[in-house]
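One line per chain: the protein sequences are A and B, in this order. In this text, residue positions in the first sequence follow this note's numbering: the first is 1, and each later residue adds one. In this text, residue positions in the second sequence follow this note's numbering: the first is 206, and each later residue adds one.
Just so you know, the hints here were simulated from the structure itself, not pulled from any lab data. As the structure is a prediction and not an experimental result, all values here were calculated from the model. Each hint should be verified, as a subset may be incorrect.
To be verified - Each computed DSS-like pair below joins lysine-lysine, with the alpha-carbon atoms no more than 25 Å apart:
id: 1; chain 1: A; residue 1: Lys121; chain 2: A; residue 2: Lys175
id: 2; chain 1: B; residue 1: Lys298; chain 2: A; residue 2: Lys173
id: 3; chain 1: A; residue 1: Lys163; chain 2: B; residue 2: Lys298
id: 4; chain 1: A; residue 1: Lys175; chain 2: B; residue 2: Lys298
Chain residues, written in single-letter form:
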Amino acid sequence: MYQESVERSPHALGDVFLHDVYGIPGGDKIKECIQCGTCSASCPTSYAMDYTPREMIAAFRAGMLDKVLKSNTIWLCSSCYSCTVRCPSGIKLTDIMYELKRLAIEFGLTPKGAKAPVVAKLFVDIVNEKGRVAEVPLVSRFMLKTNPLGAFKMIPRAAKMYKRGRMPMTSHKIKGIAELEKCAGAMTEPMISGLHPGSAKEERS
Amino acid sequence: MNKAYDKSTQVVCKALDIDLAELNDWNCCGASAYMSIHEMKAHLLSARNLVLAEKEKKDLVVVCPACLTTLTKTNHYLAEESRFKRTIETSLKAANLQYRGSVKVRHLLEVIVNEVGEQEVKARIKRKLSGLKVAPYYGCQLTRPFGEIDDKEFPVILDRLLTWIGAEPVDFPLKTKCCGGLLMMTNEDVALGLNRNILDCAKQKEAECIVTICPLCHMNIETYQGDVNKMFGTDFKIPALYFTQLMGLAFGFSRKELGIDDEMISSRPLLEKHLEVIG
Numbered sequence: 001m002y003q004e005s006v007e008r009s010p011h012a013l014g015d016v017f018l019h020d021v022y023g024i025p026g027g028d029k030i031k032e033c034i035q036c037g038t039c040s041a042s043c044p045t046s047y048a049m050d051y052t053p054r055e056m057i058a059a060f061r062a063g064m065l066d067k068v069l070k071s072n073t074i075w076l077c078s079s080c081y082s083c084t085v086r087c088p089s090g091i092k093l094t095d096i097m098y099e100l101k102r103l104a105i106e107f108g109l110t111p112k113g114a115k116a117p118v119v120a121k122l123f124v125d126i127v128n129e130k131g132r133v134a135e136v137p138l139v140s141r142f143m144l145k146t147n148p149l150g151a152f153k154m155i156p157r158a159a160k161m162y163k164r165g166r167m168p169m170t171s172h173k174i175k176g177i178a179e180l181e182k183c184a185g186a187m188t189e190p191m192i193s194g195l196h197p198g199s200a201k202e203e204r205s
Numbered sequence: 206m207n208k209a210y211d212k213s214t215q216v217v218c219k220a221l222d223i224d225l226a227e228l229n230d231w232n233c234c235g236a237s238a239y240m241s242i243h244e245m246k247a248h249l250l251s252a253r254n255l256v257l258a259e260k261e262k263k264d265l266v267v268v269c270p271a272c273l274t275t276l277t278k279t280n281h282y283l284a285e286e287s288r289f290k291r292t293i294e295t296s297l298k299a300a301n302l303q304y305r306g307s308v309k310v311r312h313l314l315e316v317i318v319n320e321v322g323e324q325e326v327k328a329r330i331k332r333k334l335s336g337l338k339v340a341p342y343y344g345c346q347l348t349r350p351f352g353e354i355d356d357k358e359f360p361v362i363l364d365r366l367l368t369w370i371g372a373e374p375v376d377f378p379l380k381t382k383c384c385g386g387l388l389m390m391t392n393e394d395v396a397l398g399l400n401r402n403i404l405d406c407a408k409q410k411e412a413e414c415i416v417t418i419c420p421l422c423h424m425n426i427e428t429y430q431g432d433v434n435k436m437f438g439t440d441f442k443i444p445a446l447y448f449t450q451l452m453g454l455a456f457g458f459s460r461k462e463l464g465i466d467d468e469m470i471s472s473r474p475l476l477e478k479h480l481e482v483i484g
């Protein structure tokens, strides 16, 4: 039912978003956006975005959050925090970007061919499995998933870096991995993203 | 971690009598990737590291600004946000872990400048880096979003340290502009453009090398310089060194001890020009 309502109306998706953003410490500042555009002007990658950060908030207010989630915008955020430190209303835009990334993945709305969600998921898989991440396992799994042929292009650089001791080959597995799993399993927060009823994940399980 | 950064950090700290001990069984901080999937579990990763450091009654010193920001964020929320604290505490309890909030999270650069200080650093100088023009590159997350170490956009802490060891930091307006971070893997065109801007600025300011304090910035600026040149028809050939490598040189360590020949763009001609004796 929840899923249906989200599909039927982007407003419902907006409600989920707002609920989560209010849950982020200082997240309620989002309502104070004055559409000045300082965020967009400060963003090093906004020139390549479908919606700039300012437009992203405007689109959310206009009930078009689904369009933002499907766009390339959130996946071009590199977490440089320039927008966050310059926003005259104190809006934590970088943290909002994280929330949007989580929602896009959770509700299966990531743009086709976007590589950033693939990296994020692989990164999390390796951390969950080992507790640490080394470059080679991450990059090789990533290349296999996104561009198997492109992997060949990377061989010369990889070889040079390996020779220079700059390519750790395996992720070390920490002893505390069971401890981390136990803690994660005991997490009680009812509505943190990744756990919304009706989300893509929920449906699969 | 990058071997060169690791090696040079170890020898410089030893020379400065900073007692570094690797945190036993530490886990990844999750960086920006984990936060993009699950908010509270990402904080849990940081929380476990804080717990481990507290057990050893130590502060956490990191050399990666992303670790700094991630760990600091969790530490702040644990101190200031009761609902957040409850969630993390409950989940830590499941493994009999507890955090009282005593750990400070610091970047090594800040420890050296604020704790060790000018006199101690200068007292260990054995070689002159005189006249070496360097672009001090801070990247994003050393000072953003918290700004506890220095100004969020125009910090000078690294500039000061470089002056102490005899180098000449150039005025570098792009010192905190983003290198793209992980975008180099996912949106290479955009990331290469950001690095072109940084390299171009360094060149215009006549910097002979770029000094970094972050392994990912170092990777993007150094390893991908050839790709920048290919894409934009430029001819950048600017070596990039970690701040710890430059310090180590000034302290008299050899290139090998500092992992200096590990770069793709050799700094040898440059260092031979400026240092009296080379390794």
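How the hints compare with the structure:
1. Taken as a hint, the A/Lys121 and A/Lys175 pair is honoured in the structure, with Cα atoms around 22 Å apart against an allowance of 25 Å.
2. Restraint check for B/Lys298 and A/Lys173: satisfied, since their Cα atoms lie roughly 23 Å apart, inside the 25 Å limit.
3. The hinted pair formed by A/Lys163 and B/Lys298 fails the criterion: a straight-line CA distance of about 44 Å is larger than 25 Å.
4. For the suggested pair A/Lys175 and B/Lys298, the alpha carbons sit about 18 Å apart, so the restraint of at most 25 Å is met.
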